[in-house]
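Q: Now for the letters of each chain:
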Amino acid sequence: MLSIQQVTKKIEDKSLLDNVSFDVPKGSSIGLIGPNGAGKSTLMKLISAYEKPTGGSITFHGQDVQHWNVKKLAQRIAVLTQEGLAAYPIKVFDAILLGRYPHLGFFQRESKKDYELVEEVLAFTSLTDLKDQFLDTLSGGERQRVAIAKAMVQQPELLLLDEPTTFLDIGHQLNILRLVKEWQRKDNLTVIMVMHDLNLASQFCEELILMSEGKVVRSGSNEEIIDSDLLKNVYHTTPEIIRHPKSNVPQILLGHF
Amino acid sequence: MKHPTSTHSFGKVAFWSILLSILLLIVMSLSITLGAASIDFIVVWKVVLSKIPIVQNWVSVDWKESTETIIWDIRLPRVILGALVGAALSLAGAIYQGVLRNPLADPFILGVSSGASFGAALVMAFGWQIAWLGKFTLPFVAFLAGLASLMIVYYLATVERKMRVETLILSGVVIQAFLGACLSLIMALSNEQLQTIVFWMMGSLTLTDWSYTQVVFPVISIAVVIAYFFSRDLNMLGLGEEAAHHSGVSVQRSRIIMLVLASLITGAAVSVSGAIGFVGLVIPHIIRLIFGADYRMIIPLSVIGGAIFLVGADAFARTVMQPRELPLGIITAFLGAPFFAYLLRRARRGYF
Numbered sequence: 001m002l003s004i005q006q007v008t009k010k011i012e013d014k015s016l017l018d019n020v021s022f023d024v025p026k027g028s029s030i031g032l033i034g035p036n037g038a039g040k041s042t043l044m045k046l047i048s049a050y051e052k053p054t055g056g057s058i059t060f061h062g063q064d065v066q067h068w069n070v071k072k073l074a075q076r077i078a079v080l081t082q083e084g085l086a087a088y089p090i091k092v093f094d095a096i097l098l099g100r101y102p103h104l105g106f107f108q109r110e111s112k113k114d115y116e117l118v119e120e121v122l123a124f125t126s127l128t129d130l131k132d133q134f135l136d137t138l139s140g141g142e143r144q145r146v147a148i149a150k151a152m153v154q155q156p157e158l159l160l161l162d163e164p165t166t167f168l169d170i171g172h173q174l175n176i177l178r179l180v181k182e183w184q185r186k187d188n189l190t191v192i193m194v195m196h197d198l199n200l201a202s203q204f205c206e207e208l209i210l211m212s213e214g215k216v217v218r219s220g221s222n223e224e225i226i227d228s229d230l231l232k233n234v235y236h237t238t239p240e241i242i243r244h245p246k247s248n249v250p251q252i253l254l255g256h257f
Numbered sequence: 001m002k003h004p005t006s007t008h009s010f011g012k013v014a015f016w017s018i019l020l021s022i023l024l025l026i027v028m029s030l031s032i033t034l035g036a037a038s039i040d041f042i043v044v045w046k047v048v049l050s051k052i053p054i055v056q057n058w059v060s061v062d063w064k065e066s067t068e069t070i071i072w073d074i075r076l077p078r079v080i081l082g083a084l085v086g087a088a089l090s091l092a093g094a095i096y097q098g099v100l101r102n103p104l105a106d107p108f109i110l111g112v113s114s115g116a117s118f119g120a121a122l123v124m125a126f127g128w129q130i131a132w133l134g135k136f137t138l139p140f141v142a143f144l145a146g147l148a149s150l151m152i153v154y155y156l157a158t159v160e161r162k163m164r165v166e167t168l169i170l171s172g173v174v175i176q177a178f179l180g181a182c183l184s185l186i187m188a189l190s191n192e193q194l195q196t197i198v199f200w201m202m203g204s205l206t207l208t209d210w211s212y213t214q215v216v217f218p219v220i221s222i223a224v225v226i227a228y229f230f231s232r233d234l235n236m237l238g239l240g241e242e243a244a245h246h247s248g249v250s251v252q253r254s255r256i257i258m259l260v261l262a263s264l265i266t267g268a269a270v271s272v273s274g275a276i277g278f279v280g281l282v283i284p285h286i287i288r289l290i291f292g293a294d295y296r297m298i299i300p301l302s303v304i305g306g307a308i309f310l311v312g313a314d315a316f317a318r319t320v321m322q323p324r325e326l327p328l329g330i331i332t333a334f335l336g337a338p339f340f341a342y343l344l345r346r347a348r349r350g351y352f
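Same order as they appear, the protein sequences are chains P and D.
1 is the number of the first residue of the first sequence in UniProt numbering; add one for each residue after it.
1 is the number of the first residue of the second sequence in UniProt numbering; add one for each residue after it.
The reader is advised that the hints may include incorrect statements.
[Said to hold, decoys possible] Per the computed footprint, the stretches of chain P lying under chain D, defined by three or more beta-carbons under 8 Å from a beta-carbon of chain D, are:
(1) 3-15
(2) 76-90
[Stated by the list, open to error] Pairwise CB distance ranges (calculated):
(3) D/V225 - P/E120: 31 to 39 Å
(4) P/E116 - D/V173: 44 to 52 Å
(5) P/H67 - D/D73: 56 to 64 Å
(6) P/T237 - D/S250: 37 to 45 Å
(7) P/D129 - D/V59: 55 to 63 Å
(8) P/Q66 - D/K12: 37 to 45 Å
(9) D/V59 - P/E116: 49 to 57 Å
[Said to hold, decoys possible] Cross-link-like lysine to any residue pairs, in silico, SDA-like; alpha carbons within 20 Å at most:
(10) P/K131 - D/I290
(11) D/K162 - P/Q66
(12) P/K71 - P/L104
(13) P/K91 - D/V13
(14) D/K12 - P/K246
(15) P/K246 - P/N199
(16) D/K12 - D/V219
(17) D/K64 - D/I42
Honestly, the hints are just simulated from the structure, not real lab data.
Just so it is clear, CB atoms sit at the ideal spot from N, CA and C, and this is done for glycine as well.
Work the whole structure out from these sequences, hints included.
A: Listed below in structure tokens is the structure:
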């Protein structure tokens, strides 16, 4: 569905991405991990065609994303960034309704179906009680849930998450990821996610891609990537690897002082 | 049928638009009654109705011809032009604030009015007259000079075909400063025309008859309709540039269309009335504080609100120190600033 081929990105002489290639099959959940400056967020911006690559190509359904019409692309790809939505004083309901934008013609008004979809998504994301609140009165976690709801009414087949839980406490982090997981099961959604938290990434994603200095170091299952030696080379710290007592996926503990 | 799940309904916009429109009509007719010759409220309406085909058959003429002249030829065109200019400046301010995501943005931020003022000052200082334009020489030159300065600002702010908002605002400041200096130079060198220039710059609706209205009305009406269709895009930009892109908004394109539109109507307004400040800054903010930041509300209500405000301010300017007429820009600031300050203190939330 999505194919990334020999993508490079340079700003002046600085190389942000260097010859990155991988394929994303439909329905998969892929986690991009790696230290600061590895090029994860840059790659996300290229996939969503917000920025242009210096070399290589990213094709979505056989066509370069740069050649996709912005609106058509938004019908199929939705993005959630760590900033999410600005604290702009419009009502939660109306903010979510704006997610229908790519499906509406310029002169077209939202129909009954659009309103019903928003109601449905409000219920799914437990936002029904907040729908008449203004966005700027919500907490960070609530606003990020609104951003997910807005992405949901966009009805994409691919969801890009760029560190969606960075500014949230642990409770809200899990809450957001659970929502995405449920949504993924419901609609066979494809998810690419940039995550700093390796433990959450290991639990959430089927495949992890470890990046460093603009290159893919290695990709594989969490068993292969959450590896003490591999992570040590990239992060320059030696984590202890243990098993999660309930799900048995590999988890890390940071070193001691 | 009103849909039960919608928090925003077309009905709400319609309700407030109609209510404010009625208020506008009342303020306009009151403004016409005021002046050296005081005229009865009812007579104003009778005269206006007697000009409308079919309806005129029901109106019996029971007023003096001089009254009709005062209402129809002197005060009405002025009041209508005032409403149009107020609507235009307020709409332009609402658009600039949304697109530039800057609460300090007003219709003059990108140098349109500085350019127009400079052009107008040149015409006044040198007494230019272009034969085939006649009395339209001044607004025409002002409009062109406004557009020219806008183009310079866009040119300065565009790097690799992308326009950055911060650079745009800075370019506007630079051009405003430079043209301000040019304007001061002209004023320093022109002795007899100094007062005319100063008065024009402070804004006034004195130079009006129906012909100006006929030119400005279509421009502003079309702009209002176009802007309304862009309200969804403006809301999107409010949620953040990147978020807007990811939801399918062609950010650069929507932005440039909106800025050019706002600049055109600012140019049209300034060229006939001078640079009347404060309307474009304060009215959209007031609407936003009361109704929230949804542009589907802001656009229609700013348009009508701006019209009400400027017609009211002009009535003040004409009558408060009769027979002297005060510059309109002074009144708009006198009335607008305290009210705005009150609202700011009362408002519970920030909004940018």
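Q: Are the Cα atoms of P/K91 and D/V13 separated by 20 Å or less?
A: Holds, because 15 Å separates the two Cα atoms, which is no more than 20 Å.
Q: Are the Cα positions of D/K162 and P/Q66 separated by 20 Å at most?
A: Holds, because 16 Å separates the two Cα atoms, which is no more than 20 Å.
Q: Regarding P/T237 and D/S250, is the given constraint of 37 to 45 Å on their beta-carbon distance met?
A: Given range 37 to 45 Å: holds, Cβ gap about 44 Å.
Q: So does P/D129 sit 55 to 63 Å from D/V59, Cβ to Cβ?
A: holds, 57 Å
Q: Mind checking the alpha carbons of P/K131 and D/I290 for me, to see if they're no more than 20 Å apart?
A: Holds, because 19 Å separates the two Cα atoms, which is no more than 20 Å.
Q: Quick check: does the Cβ-Cβ distance between P/E116 and D/V173 fall within 44 to 52 Å?
A: For P/E116 and D/V173 the Cβ distance comes to about 48 Å; the hint holds.
Q: How does the Cβ-Cβ distance of P/Q66 and D/K12 compare with 37 to 45 Å: does it lie in that range?
A: Given about 41 Å between the Cβ atoms, the range holds.
Q: Is the hinted pair D/K64 and D/I42 satisfied, with a Cα-Cα distance of at most 20 Å?
A: Given pair D/K64, D/I42 holds - Cα atoms ~14 Å apart, limit 20 Å.
Q: With the threshold set at 20 Å, check whether the alpha-carbon distance from P/K246 to P/N199 stays at or below it.
A: holds, 13 Å
Q: Checking C-beta pairs, does the region 76-90 of chain P have three or more residues closer than 8 Å to chain D?
A: It holds, with 11 qualifying residues against the three required.
Q: Lying within 49 to 57 Å: is that true of the beta-carbon distance D/V59 to P/E116?
A: Holds, at about 51 Å.
Q: Given the hint that P/K71 pairs with P/L104, does the C-alpha gap stay at or below 20 Å?
A: Distance ~9 Å between P/K71 and P/L104 Cα, so the pair holds.
In terms of the numbered hints stated before, the structure departs from hints 1, 14 and 16, listed from lowest to highest.
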